[in-house]
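Note that the protein sequences, when read in sequence, are chains C and E.
If you read the first sequence in the working numbering, its first letter stands for residue 9, the second for the next number, and so on.
If you read the second sequence in the working numbering, its first letter stands for residue 34, the second for the next number, and so on.
Derived from the structure by calculation, the hints contain no laboratory data.
Every residue, glycine too, gets a C-beta built ideally from N, C-alpha and C.
Hints are supplied without guarantee of correctness; some may be wrong.
[Said to hold, decoys possible] DSS-like cross-link-like pairs, simulated, lysine-lysine; straight-line CA separation at most 30 Å:
id : chain 1 : residue 1 : chain 2 : residue 2
1  : C       : 245       : E       : 120
2  : E       : 110       : C       : 272
3  : E       : 42        : C       : 245
4  : C       : 178       : C       : 30
5  : C       : 112       : C       : 155
6  : C       : 276       : E       : 110
7  : C       : 123       : C       : 195
8  : E       : 110       : C       : 297
9  : E       : 110       : C       : 278
10 : C       : 203       : C       : 155
11 : C       : 245       : E       : 38
12 : E       : 116       : C       : 278
13 : E       : 153       : C       : 245
14 : C       : 245       : E       : 116
15 : C       : 178       : C       : 132
16 : E       : 120       : E       : 38
[As the list claims (entries may be wrong)] Residues of chain E placed beyond 10 Å of chain C at every Cβ, according to the derived structure:
id : residue
17 : 83
18 : 178
19 : 198
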Amino acid sequence: MDDSAKRLLQRLVRRIPAQMLKVTLDKWDRLTAKQRKSVDFTQSKWAISQELVALCEESERTVKHIAELEMIYVTENPNQGMWHTFQLVDPEDDAHAVDLMLFKEQFKSHLRELKRNMSVKIKKHTDESVWIRIAWGDGLSRPNHLKATYVVHYLQTPYVFVSTLSSKHKPLLLQALTLSTRHQQIKDANLSGRKLTALRDLLMRQYQHVFPTKYPSPLAERNQSISNLHIEKEQAKASANRHRMAGEAFGNGILPALQSAVFKLETKFKDPSNETMTARDEPFRCGVKFSSTNLLESFRHCASSGIASTPVTPLLSSIPLKGRNYFVITDNVPTACSQMCQTQD
Amino acid sequence: MSLLKPFNKLPDLNTANILLVENEEQFQQSLANTLVEEMAVTVKVRLAKSLPLPMENDESRPRIDLVVFIINLTSDKSFESAKASLKYLDPGYFLGKVCFMVTNARHASVCTGRLDAVRKLAVSLHCPLLFAEDQTPEGATSSARRLLTILKVASGLVPNTTALYLSNLTRCTIPLDIDQPSFD
């Protein structure tokens with residue numbers, strides 16, 4: 009087993025938490041049951057990694073096998089690292105006919121055309137997603153397995169999630185993806201975060217939506233949420249309205265756990281009490297970042313409790329609506345009475 | 034002007050009505066659940082976010098005996114909303130039928146001036162100022178018990194006492210060194 013494989017294995021053992029290590033090794037299935045039983049998982053990580061290196065050398069495992077192990081771990085625990093989303097646009101006529109085999113062949117061949125000497129692994133996950141692991145190398149050096157790029161794509165959807173991609177390899181990967189999925193263009197979807205499952209659920213709309221209705225509560229009995237007859241809310245209608253509008257903007261139930269949203273403002277400074285700043289012509293550039301363990305639920309709570317005014321401002325409601333969490337906001341072309349801001353790509 | 038008036042309706046037998054006004058609408062719910070468990074008297078609780086109260090409920094609303102403003106010291110909006118709501122109360126309420134309840138007084142992020150401002154407001158209106166702990170059920174129970182004592186007097190259910198007499202004992206007073214800088 010060569011040096012890079014050893015280092016990869018050691019890094020992996022350090023990265024995988026102790027409880028998950030045994031399970032992941034079982035899934036990997038490249039060590040015999042006897043070998044797996046012989047490892048004592050209560051030791052320190054360093055000791056475990058030494059044992060595993062010895063076992064792998066015994067069974068002559070190569071760096072490709074270790075890469076498999078890493079892929080298994082990342083596939084099962086996708087909510088780590090930073091994922092960025094891209095969107096494929098302008099499908100060609102046969103984009104719908106791309107199935108897994110075709111995609112795999114086309115992707116590998118396009119990537120090989122652009123760059124030799126990489127290690128690509130494509131796997132189909134149980135939830136119909138295609139996982140691709142790419143270890144980049146250039147003409148002279150071997151593929152670097154320590155900084156592998158992961159790509160997740162759901163076939164027949166326009167979204168691709170990528171993590172750990174350097175700007176050097178970005179155009180290559182994007183071109184290979186566009187060609188192999190039979191689209192004409194790919195663009196940045198302005199959605200990024202740590203939790204892949206949250207990004208995916210947000211884009212694929214996998215949460216409970218509330219559709220605006222003209223008669224929101226046809227049955228009055230359904231709204232008897234306060235159990236006691238002696239307790240009565242005075243402003244129940246206003247409160248129910250706020251709840252409804254918050255639900256319409258963000259959805260009901262458990263929302264995808266998006267964790268941050270960034271607004272880059274390039275608008276003019278507006279504060280009537282501050283003359284010097286308002287007098288400037290150039291836009292006042294600043295960035296606003298919202299972060300939370302579950303940002304959409306926080307926004308929904310702000311709207312339903314009255315902290316944020318309802319109807320919910322399109323600045324906030326466009327996060328779930330457009331499925332993005334990075335916005336650049338500029339003023340309209342200024343006219344005498346126009347004071348509105350507009351979101352732009 | 035839709036003022037809430039203290040004596041424009043007839044009282045019910047052995048009933049006390051309390052109005053809890055809180056901008057966040059959180060603590061009032063647990064307080065209400067505890068208050069209605071009182072056995073000796075029928076306690077009816079009305080919950081509101083702010084005053085004025087909606088006109089549609091005017092007919093069905095009973096006579097309110099005690100108005101409690103719950104102010105969260107960590108939020109400026111809470112205090113401003115309570116101050117704005119005071120305008121919609123008939124002055125008759127300030128003779129012992131209004132009470133201020135303050136939560137999160139020991140919280141690290143409380144700005145020091147706010148508690149003093151609430152205190153000064155309570156003193157100027159001759160109202161009691163109660164401190165409550167809203168995170169545990171025991172906090173809700175003990176605050177509810179204190180409110181019930183004042184409520185029973187304010188609704189006339191305690192013989193030989195009126196709300197005005199009680200307010201002379203319970204009203205907030207300003208300590209002499211309130212304008213001195215504190216030791217934080």
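Looking at the structure, which of the earlier hints fail to hold? The structure conflicts with hints 4, 13 and 17, although it agrees with all the remaining ones.
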